[in-house]
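Colleague: This is what each chain is made of:
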Amino acid sequence: MIGGPDQMRGSTLLAVDGVSVSLSGREVLHDVTFGIEAGEFTGLIGSNGAGKTTLLRVILGLVAATSGRVLIGGRAASRQNPLIGYVPQKIALDPDMPLRARDLVGLGLDGHRFGIPRPSAARNALIDEMLDAVDATRFADVRIGNLSGGEQQRILIAHALISRPRLLLLDEPLANLDIRSEQEVVALVSRIATDQHVAVLISAHDVNPLLPVMDRVVYVAAGRVASGTTNQVVCTEALSRLYGHQVDVIHVRDRVLVVAAREDVAVHGGRDAAVGLA
Amino acid sequence: MFAGFMIRAWEAATIVAVVAGVVGFFTVTRGSAFAAHALPNGAFAGAAGASLIGVNTIVGLGVFSLLGALTISALGRRARRDVATALVIVMMLGLGALFLSMTTEYAPQIYSLLFGEVLGVANNELLPTAAIGAGCIAAIVILYRPLLLSSVMTDVAEARGISPRRMELAFLVVVALTTTMAVPVVGSLLIFSLLIGPAAAARSLANTPHGAMAASIVIAVATVWAAIALSYATNLPIGFFVGTISATAYAAAQAWNAWRHAHPGIADAVAAGRAPVVTTSP
Amino acid sequence: MTELALLGPVFEPGFFSNPPVQRALMVGGVVAVVSGVVGTFTVVRGQSFAGHALADIGTAGGSAAFLLGISPLYGFVAMNLVAAGVMELIGIRRPRGRDVATGIVLGAALGLAALFLYLDTTTTSTTGATINVLFGSIFELSASMVPIITVFALTAVGVVVVLYRPLLLSSLSPDLAAARGVPLRVVGIGYLFALAIAVSLSAVTIGAILSTALLVGPAATALRLTKRTGLAMVLAATVGVAATWIGILLAYDSYYWPPTHQGWPVSFFVVTLVLVFYLAAQLPSPRRSRAPDGQPAARTA
Chain F
6 MIGGPDQMRG
16 STLLAVDGVS
26 VSLSGREVLH
36 DVTFGIEAGE
46 FTGLIGSNGA
56 GKTTLLRVIL
66 GLVAATSGRV
76 LIGGRAASRQ
86 NPLIGYVPQK
96 IALDPDMPLR
106 ARDLVGLGLD
116 GHRFGIPRPS
126 AARNALIDEM
136 LDAVDATRFA
146 DVRIGNLSGG
156 EQQRILIAHA
166 LISRPRLLLL
176 DEPLANLDIR
186 SEQEVVALVS
196 RIATDQHVAV
206 LISAHDVNPL
216 LPVMDRVVYV
226 AAGRVASGTT
236 NQVVCTEALS
246 RLYGHQVDVI
256 HVRDRVLVVA
266 AREDVAVHGG
276 RDAAVGLA
Chain Z
4 MFAGFMIRAW
14 EAATIVAVVA
24 GVVGFFTVTR
34 GSAFAAHALP
44 NGAFAGAAGA
54 SLIGVNTIVG
64 LGVFSLLGAL
74 TISALGRRAR
84 RDVATALVIV
94 MMLGLGALFL
104 SMTTEYAPQI
114 YSLLFGEVLG
124 VANNELLPTA
134 AIGAGCIAAI
144 VILYRPLLLS
154 SVMTDVAEAR
164 GISPRRMELA
174 FLVVVALTTT
184 MAVPVVGSLL
194 IFSLLIGPAA
204 AARSLANTPH
214 GAMAASIVIA
224 VATVWAAIAL
234 SYATNLPIGF
244 FVGTISATAY
254 AAAQAWNAWR
264 HAHPGIADAV
274 AAGRAPVVTT
284 SP
Chain W
-7 MTELALLGPV
3 FEPGFFSNPP
13 VQRALMVGGV
23 VAVVSGVVGT
33 FTVVRGQSFA
43 GHALADIGTA
53 GGSAAFLLGI
63 SPLYGFVAMN
73 LVAAGVMELI
83 GIRRPRGRDV
93 ATGIVLGAAL
103 GLAALFLYLD
113 TTTTSTTGAT
123 INVLFGSIFE
133 LSASMVPIIT
143 VFALTAVGVV
153 VVLYRPLLLS
163 SLSPDLAAAR
173 GVPLRVVGIG
183 YLFALAIAVS
193 LSAVTIGAIL
203 STALLVGPAA
213 TALRLTKRTG
223 LAMVLAATVG
233 VAATWIGILL
243 AYDSYYWPPT
253 HQGWPVSFFV
263 VTLVLVFYLA
273 AQLPSPRRSR
283 APDGQPAART
293 A
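Protein chains in written order, with our numbering: chain F, 6 to 283; chain Z, 4 to 285; chain W, -7 to 293.
Chain F extracted, bound-state conformation:
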């Protein structure tokens, strides 16, 4: 998946151009510029508070940029953009909520329209197809409140996919997962992206789980952004420039450790950074 020639190259799907965002008088994003092509798998990497979620919300049209612009498929970002499918980190679910997994996926198709859903064979077939795509058929009839975290995630992805977006936005799907689960989720998303021909923008703390599948990385630190291929961005020079002080990028076999020289900056590199060299 890394920059391969078999990728669908079309017009720029997502263009973020000189975007700055101020919230409550504080500048959260400064002069952010990057682009995503159709079918690309992009990682949005940064620690908490760096501005990842704000950037996602700008793309979703939920937050207005103070300056600059965001174009999706050539048109300005707005809410209710059919080109984007949004997968939140998780939703607070009530085990008593009478809603099955397949009902939630069905809402992804027409939940934004008024009235009651009209069941039809075509609608059901589409829902079944999506459930199959995320490998959720076996728990399709279970209440959403009874699903495990991983199962819920698949359903949320199916919900976002069913309306055939061109870009899938995933907000920290790997948070609080053990390494094996991380790998499973990344493999799942990557497979779906290929099968369904969608671009993916996935936000995360740590670049490592995404290394095998990323075409492009957008690194966020203190509201500023560096974007390009993994080799271009995840290296000592580029990250030091981004952070504004010395940052070392160490390669250990197939993993990457990002280490800041100063103590008060969070260390990236996965849970085993302290243990070091696995």
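Take these hints with a grain of salt, some might be off.
To be verified - Which chain W residues stay away from chain Z? Per the calculated CB distances, all over 12 Å, these:
(1) Arg15
(2) Leu17
(3) Tyr66
(4) Gly77
(5) Thr147
(6) Val151
(7) Leu161
(8) Val179
(9) Val208
(10) Leu215
(11) Leu223
(12) Thr230
(13) Leu241
As the list claims (entries may be wrong) - Facing chain Z, according to a computed beta carbon distance under 10 Å, are these residues of chain W, among others:
(14) Gly38
(15) His44
(16) Gly89
(17) Val92
(18) Leu98
(19) Gly99
(20) Leu104
(21) Leu107
(22) Tyr110
(23) Ala205
(24) Leu217
(25) Thr218
(26) Lys219
(27) Val266
Claimed, not checked - Pairwise CB distance ranges, derived in the manner of DEER restraints:
(28) W:Val268 - F:Asn181: 57 to 63 Å
(29) W:Ala234 - F:Ser72: 43 to 49 Å
(30) W:Arg172 - F:Arg185: 37 to 43 Å
(31) W:Gly173 - F:Ser29: 32 to 38 Å
(32) W:Tyr247 - F:Arg118: 56 to 62 Å
(33) Z:Ala229 - F:Ile96: 33 to 39 Å
(34) F:Arg128 - W:Val226: 58 to 64 Å
(35) F:Ser25 - Z:Leu130: 55 to 61 Å
(36) Z:His213 - W:Tyr247: 56 to 62 Å
(37) Z:Ala229 - W:Gly61: 30 to 36 Å
(38) W:Tyr247 - Z:Gly138: 41 to 47 Å
It is worth saying that the hints were derived from the structure and are not from the lab.
Beta carbons are placed, not taken as given, at the ideal position from N, Cα and C, and that holds for glycine.
Since the structure of chain F is already known, use the hints to place chains Z and W on it.
Modeller: What follows is chains Z and W alone, placed relative to chain F:
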């Protein structure tokens, strides 16, 4: 029990119960129990005020409950939802206290506004009750999908163009209208038992939203029918039966829930019509 | 005496020497302080509905006590302690489910209240029973209640003081508290008991309406002005006392006002003042925006 005037009581109560079952489904889904309690109570103040100036009670109920809905929504933007609701209810009750002090209403009439006077529903009141009730149901039908999506996944709904604030306001207005048609029949203190109990019980009986709403309507209607029958037989207030039957239905549903979680395979198969295997990973 | 003459228009003659007024000021002051202290945690924990519900729930106990010839206050407290226990027992953690459970308990209690009030009216033929219990008046306190009120007040405040640290931590960050070994269930129910007593106290002495108004309003006002809980408790008590005393004064002054020339209710004045103070505290800051992490800024008021 089925004499001429009683027929109207059965009709009025059934209409109220059906509307309560429909609106109650979303009340419980959204956890809006406090608003469901606050709006009818505030509406009571409006009724007192209306009788003070010689206007139809229903107008007073409607105006105050709608004002309450708008205020909860407006205040809710700047403050926690529960604080906003608490302030709105005390504001309206404070006005209610003021109106009551100026009026010469006898205590029994106040009692009936609070606890309902099913047997006092006159023929000419049935039409407005049914009309407003039909409006409430129509509103829920129209709002069904976006309201459901917004209630379950607020952020995603917002990204798809469904404003959580507008949904909340629309829902509160529907509760206000439900209040307006229901208070003269079952009273302001008890409409909310009908909004919450049946819908809360229904969740344990059905896996789908439409199934839960249907169950909610059935339980609500059964509750009022039982309440009227028991009230007629024992001469005790109908509100007593509505409150206790609702609580019993909820308790029974929770017990069924607990049993269901202890015996997952059997219960899920019964509810879903097959026997799915629920794994705990990834 | 010239200073008093200036204040003449404000304080109608006989205000300070009037025994019911003196009792009202004292009891109202005590209740306002207790409500402010307990109410601060009510608002922080998002349990305003429980706080309001207990005022109505206690009515069932109060009217049962009335039937049995016992002072309503004891019935109120007993009913509320049981209800608080049941609410904690149903013990649903998520706010939505918790409010629904509170609603069910409230509905059942109101059903019981309907029953007892009906029996009250028919057996003891006091038609004002309904109004009294639900809209209770601060000017109808008997002198013998004062010591009991003081005991209950001290108990409620005492529980909050004793539980202060674990209560604060478990209210602001339940996960952190659990990790630090704070017994969340015990703290939760201890707090609900304090709330039950505080609300019983206020509902019986100043009425169910003011009970909620003084529990939530001043605390919400205080939390708008400061993030420090200890300071907020002091501010809440102060605002509550101010609203209560000024409200009593206005009610006394209104004795000669139209239309009934019997005075406007205290509850109306106090509620209005509570609201005025709350809205005044809203003025400094504009509408809260969403925090950078995309979630609504954590609201404590």
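Colleague: Decide, hint by hint, whether the structure agrees.
Modeller: Hint-by-hint comparison with the structure:
Remark: the non-interface label on Arg15 (chain W) is consistent with the geometry, its nearest Cβ contact in chain Z lying 20 Å away (cut-off 12 Å). With a least beta-carbon separation of about 20 Å from chain Z, Leu17 (chain W) lies farther than 12 Å from that chain, consistent with its non-interface assignment. With a cut of 12 Å on Cβ distances, Tyr66 (chain W) stays outside the contact zone with chain Z, its closest approach being about 22 Å. Here Gly77 (chain W) stays apart from chain Z, with its beta-carbon at least about 15 Å from theirs, past the 12 Å limit.
Non-interface call for Thr147 (chain W) relative to chain Z: holds, since the shortest CB-CB distance, roughly 24 Å, exceeds 12 Å. For Val151 (chain W), the condition that its CB be more than 12 Å from all CB atoms of chain Z holds, with the nearest at approximately 22 Å. Distance check for Leu161 (chain W) against chain Z: the nearest CB is about 20 Å away, which clears 12 Å, and the non-interface claim stands. Residue-level check passed: Val179 (chain W) sits 20 Å from the nearest beta carbon of chain Z, beyond 12 Å.
For Val208 (chain W), the shortest C-beta to C-beta distance to chain Z comes to about 4 Å, within the 12 Å cut-off, and the non-interface label is violated. Its beta-carbon lying about 9 Å from the closest one in chain Z, Leu215 (chain W) breaks the requirement of being farther than 12 Å from that chain. The non-interface label for Leu223 (chain W) is consistent with chain Z: the shortest C-beta to C-beta separation is roughly 19 Å, beyond 12 Å. Non-interface status of Thr230 (chain W) relative to chain Z is upheld: no Cβ of that chain comes within 12 Å, the nearest being about 19 Å off.
Leu241 (chain W), annotated as away from the interface, keeps every beta carbon of chain Z farther than 12 Å; the closest lies near 17 Å. The beta carbon of Gly38 (chain W) comes within 6 Å of a beta carbon in chain Z, closer than 10 Å, and the hint placing it at the interface holds. Because the beta carbon of His44 (chain W) sits about 6 Å from the nearest beta carbon in chain Z, less than 10 Å, this interface hint is met. Contact between Gly89 (chain W) and chain Z, as hinted, is supported at the beta carbon level, the nearest pair being about 7 Å apart and thus within 10 Å.
Interface restraint check for Val92 (chain W): the shortest CB-CB distance to chain Z comes to about 5 Å, inside 10 Å, so the restraint holds. Against a cut-off of 10 Å between C-beta atoms, the interface hint on Leu98 (chain W) holds, since the closest Cβ of chain Z lies about 7 Å away. Against a cut-off of 10 Å between C-beta atoms, the interface hint on Gly99 (chain W) holds, since the closest Cβ of chain Z lies about 3 Å away. Using the Cβ-Cβ criterion of 10 Å, the hint placing Leu104 (chain W) at the interface with chain Z is satisfied: the shortest such distance is roughly 7 Å.
With its C-beta approaching chain Z no nearer than about 4 Å, Leu107 (chain W) sits inside the 10 Å limit, and its interface hint holds. The closest approach between the C-beta of Tyr110 (chain W) and any C-beta of chain Z is roughly 5 Å, which is under the 10 Å cut-off, so the hint is satisfied. For Ala205 (chain W), the suggested interface contact is upheld, since its CB lies about 4 Å from the closest CB of chain Z, less than 10 Å. The restraint placing Leu217 (chain W) at the interface with chain Z is violated, with a minimum CB-CB distance near 13 Å, outside the 10 Å limit.
Interface hint status for Thr218 (chain W): violated, as the beta-carbon distance to the closest one in chain Z is roughly 16 Å, over 10 Å. Restraint check, Lys219 (chain W) versus chain Z: the minimum CB separation of about 14 Å is more than 10 Å; hint violated. For the restraint placing Val266 (chain W) at the interface with chain Z, the shortest Cβ-Cβ distance is roughly 7 Å, inside the 10 Å limit, so the hint holds. For the pair Val268 (chain W) and Asn181 (chain F), the supplied restraint of 57 to 63 Å is violated, since their beta-carbon distance comes to about 46 Å.
Taken as a hint, the range 43 to 49 Å holds for the pair Ala234 (chain W) and Ser72 (chain F), whose Cβ atoms sit roughly 47 Å apart. As the Cβ distance of Arg172 (chain W) to Arg185 (chain F) is approximately 30 Å, the hint placing it in 37 to 43 Å is violated. A beta carbon spacing of about 36 Å between Gly173 (chain W) and Ser29 (chain F) agrees with the range 32 to 38 Å that was offered as a hint. Range check, Tyr247 (chain W) to Arg118 (chain F): about 60 Å between beta-carbon atoms, so the 56 to 62 Å window is met.
For Ala229 (chain Z) and Ile96 (chain F), the hinted distance range of 33 to 39 Å is satisfied, since their beta carbons lie about 37 Å from each other. At about 60 Å, the CB distance of Arg128 (chain F) to Val226 (chain W) agrees with the hint of 58 to 64 Å. Checked against the given bound of 55 to 61 Å, the beta carbons of Ser25 (chain F) and Leu130 (chain Z), roughly 59 Å apart, stay inside it. The hinted window of 56 to 62 Å between His213 (chain Z) and Tyr247 (chain W) holds, with their beta carbons roughly 59 Å apart.
Between Ala229 (chain Z) and Gly61 (chain W), the C-beta spacing of about 33 Å keeps the proposed range 30 to 36 Å intact. Distance hint check for Tyr247 (chain W) and Gly138 (chain Z): the Cβ-Cβ separation is about 45 Å, which falls inside the suggested range of 41 to 47 Å.
Violated hints for the displayed structure, listed by number in ascending order: 9, 10, 24, 25, 26, 28 and 30.
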